[in-house]
Amino acid sequence: MYKYDEVDHRLVRERVEQFRDQTRRYLAGELSEDEFRPLRLMNGLYVQRHAPMLRVAIPYGHLSSTQLRKLSHIARTYDRGYGHLTTRQNIQFNWPALERVPDILAELAEVEMHAIQTSGNCVRNTTTDAFAGVAADEYLDGRAYCEIIRQWSTLHPEFAYLPRKFKIAVSGSADDRAATQVHDIGLHVVKNDAGEVGFKVIVGGGLGRTPLVGKTIREFLPTRHLLTYLDAVLRVYNRFGRRDNKYKARIKILVQAMTPEAFAAKVEDEWAHLKDGPATLRDEDVAHYASFFTDPAYEQLAANPEAFTVPLVSDAAFAKWVARNTRSHKRTGYRSVVLSLKKTGVPPGDITAEQMDAAADWADRFGFGELRVAHEQNLILPDVKESDLYEVWQLARQHGFATPNVGLLTDIICCPGGDFCSLANARSIPVAEAIQLKFDNLDYLFDLGDIDCNFSGCMNACGHHHIGNIGILGVDKNGEEWYQITLGGSQGNHTAIGKVIGPSFAQADVPLAFEKIMNLYVEQRLAGERFIETVRRIGLEPFKERVYAKSH
Amino acid sequence: MQNLIKNDAVTEDAWRLIRSEDESYDAAEDVILPLAAWLALDPAARSGQTAVWLAPDADLTVLWPALAQLPLIAIDFPAFTDGRGYSLARLLRERYGYQGELRAIGDVQRDQLAYLARVGFTVFAIRDDRPAEAALDGLRDFSDQYQATVLQPEPLFKRRTQR
Numbered sequence: 001m002y003k004y005d006e007v008d009h010r011l012v013r014e015r016v017e018q019f020r021d022q023t024r025r026y027l028a029g030e031l032s033e034d035e036f037r038p039l040r041l042m043n044g045l046y047v048q049r050h051a052p053m054l055r056v057a058i059p060y061g062h063l064s065s066t067q068l069r070k071l072s073h074i075a076r077t078y079d080r081g082y083g084h085l086t087t088r089q090n091i092q093f094n095w096p097a098l099e100r101v102p103d104i105l106a107e108l109a110e111v112e113m114h115a116i117q118t119s120g121n122c123v124r125n126t127t128t129d130a131f132a133g134v135a136a137d138e139y140l141d142g143r144a145y146c147e148i149i150r151q152w153s154t155l156h157p158e159f160a161y162l163p164r165k166f167k168i169a170v171s172g173s174a175d176d177r178a179a180t181q182v183h184d185i186g187l188h189v190v191k192n193d194a195g196e197v198g199f200k201v202i203v204g205g206g207l208g209r210t211p212l213v214g215k216t217i218r219e220f221l222p223t224r225h226l227l228t229y230l231d232a233v234l235r236v237y238n239r240f241g242r243r244d245n246k247y248k249a250r251i252k253i254l255v256q257a258m259t260p261e262a263f264a265a266k267v268e269d270e271w272a273h274l275k276d277g278p279a280t281l282r283d284e285d286v287a288h289y290a291s292f293f294t295d296p297a298y299e300q301l302a303a304n305p306e307a308f309t310v311p312l313v314s315d316a317a318f319a320k321w322v323a324r325n326t327r328s329h330k331r332t333g334y335r336s337v338v339l340s341l342k343k344t345g346v347p348p349g350d351i352t353a354e355q356m357d358a359a360a361d362w363a364d365r366f367g368f369g370e371l372r373v374a375h376e377q378n379l380i381l382p383d384v385k386e387s388d389l390y391e392v393w394q395l396a397r398q399h400g401f402a403t404p405n406v407g408l409l410t411d412i413i414c415c416p417g418g419d420f421c422s423l424a425n426a427r428s429i430p431v432a433e434a435i436q437l438k439f440d441n442l443d444y445l446f447d448l449g450d451i452d453c454n455f456s457g458c459m460n461a462c463g464h465h466h467i468g469n470i471g472i473l474g475v476d477k478n479g480e481e482w483y484q485i486t487l488g489g490s491q492g493n494h495t496a497i498g499k500v501i502g503p504s505f506a507q508a509d510v511p512l513a514f515e516k517i518m519n520l521y522v523e524q525r526l527a528g529e530r531f532i533e534t535v536r537r538i539g540l541e542p543f544k545e546r547v548y549a550k551s552h
Numbered sequence: 001m002q003n004l005i006k007n008d009a010v011t012e013d014a015w016r017l018i019r020s021e022d023e024s025y026d027a028a029e030d031v032i033l034p035l036a037a038w039l040a041l042d043p044a045a046r047s048g049q050t051a052v053w054l055a056p057d058a059d060l061t062v063l064w065p066a067l068a069q070l071p072l073i074a075i076d077f078p079a080f081t082d083g084r085g086y087s088l089a090r091l092l093r094e095r096y097g098y099q100g101e102l103r104a105i106g107d108v109q110r111d112q113l114a115y116l117a118r119v120g121f122t123v124f125a126i127r128d129d130r131p132a133e134a135a136l137d138g139l140r141d142f143s144d145q146y147q148a149t150v151l152q153p154e155p156l157f158k159r160r161t162q163r
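Protein chains in written order, with full-length UniProt numbering: chain A, 1 to 552; chain B, 1 to 163.
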């Protein structure tokens, strides 16, 4: 994991003091509401339905056990004993008092954490594959570059007041688990024919009101040019992105208006002046950052020890959990464990202070003191020996962390919705719960297999409903909460935007619509065909007919 | 009162900002003109110094031939949340090699000064209703930066590995 040096520490402390003074001036009436808003947002502080909401950055989802314990302390001391993991791999606290936020930030700074640029019209937390560095299918560990981007984007003097928010994602594996095609910039670590490492640069993807899959503007960017090229893209966006209408201000609108080819050419023109400039990365610079992401002291282990294989046969519940909630690891004898935060009846992504402490202890006891946050809003223990899995599972079960539904229909990616968020048109949490209750039969759920279900409470699409195989969007109809269902969306290598199947549903009818959709899938699927594959093969029409058929 | 910060101190100078093309001024006055007025100007008609101010969407290429003669360029911030002026400043300094005074005008407040200084602004015309004295502290918010910009052309990552 990256470790702060004296300068990193100093800059974060200075940001805390700057914000403390901004808060003081706001409370003293020296800064107006309108003037304070962009300043507080750039420090992750929203004013929400019930109280302020503070979003704390977890850079590319990496977390140490010490940091997680600090988050649990903050949840207990300044909040109501829990936090909410977000789709940007961050954590949100829903109940802090405005006056105490500077103190929270000071506490975070002690463990090398902050809330810098977790909101506002600036470059946000860079995200990546939650399994970076441990995934079996990874060809390059992109984390050194994530940290390089994090530092470049942090307090960037030129790009603090962009037209709109700006999100960057990095993927280093064959299977894109970072949703890079729906980001303002998506970077794929690739190798060219000469064996040189570089990035494929995708620009202008995004969800929200205008969902678009990003366009590749450069097939191969040598890694040393990463920052000068990012400067060029951001400068073109900063100068020419629309500022007159916030719904047309994302880079995707600029790319679409200019055409991807013209946008790429404009970036190349700008870059021609910046290329090989002072921000060009030398080998020793990359090596410096890569040195923080070396392998921990893995043991030489044999695969399938008895402590693992015996309970796998004797305990069906354990076997189910292993099948869904653990992933193959690049080192033999290890697996990565996904601690599910999708227990029925609990808002998706919510984690209690007790769970944080427990997970921190397991990270120390069974792993190397590190954890990850997945953009699917689950917590991950990246390095667990197969021989320890049975014990980890039992502990996880005791703490409500072991719902064996990772990647299944009830592993719903969900925004906080109308219960908490002042932007939302509709509540998401009770509807997610109703779906989870409808599909509470584990055998049936397993039989349905891999299904990404995403839920957003409004057009801002924080729950990424457009890329759910099945997506739900909360809409407002004359002051009532209604829900639109989309099918056919997907993330990863075959990113696609889902299509609306028809008129929206009242809250009580959503689970039934889901049931009809799943019944049709089970009837229509070919052997081994996943839900999304059936949707792609047979199209939306049969689903529409089934869902909207008049009942007899 | 100009409410100006220059060389780390609150000060005043002789420059008069001409916001609109219709605004009249004397031949002997030191004036900062809108771009269109400046482009149309007959230099022979002036005895005072002449500078130009730019809107955030200004095309810098029209300035390029005259840059070396300009004693001052001002960049306007219609709102402090409009970040285009930061890019213009870097372009003037880094690409066009502009050496003269670069003045931030418009909605310029304390909380933007640290970044404005880093991209090459040297003078800050603080919004009239805010005390420039108090805004001075904004220049001291940060003691370092990660990026390569005008004030610190060596990015932190290079200074780190050179140690």
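It should be emphasised that the hints constitute simulated quantities derived from the structure, not laboratory data.
Just to be clear, a hint being listed does not mean it is correct.
[Unchecked claim] One side only, chain B facing chain A, incomplete, derived with CB under 10 Å:
id, residue
1, LEU35
2, PRO56
3, TYR146
4, ALA148
5, GLU154
6, ARG159
Positions of the beta carbon are idealized from the N, C-alpha and C atoms, including for glycine.
Comparing the hints with the structure gives:
Checking B:LEU35 against chain A: minimum C-beta separation of about 16 Å lies over 10 Å; hint violated. About 8 Å separates the beta-carbon of B:PRO56 from the nearest beta-carbon of chain A, less than 10 Å, and the hint is met. The beta carbon of B:TYR146 comes within 4 Å of a beta carbon in chain A, closer than 10 Å, and the hint placing it at the interface holds. Because the smallest distance between the Cβ of B:ALA148 and any Cβ of chain A comes to about 4 Å, under 10 Å, the interface hint for this residue holds.
Interface hint status for B:GLU154: upheld, as the beta-carbon distance to the closest one in chain A is roughly 6 Å, under 10 Å. For B:ARG159, the interface hint holds, since its Cβ comes within 10 Å of a Cβ in chain A; the closest pair sits about 9 Å apart.
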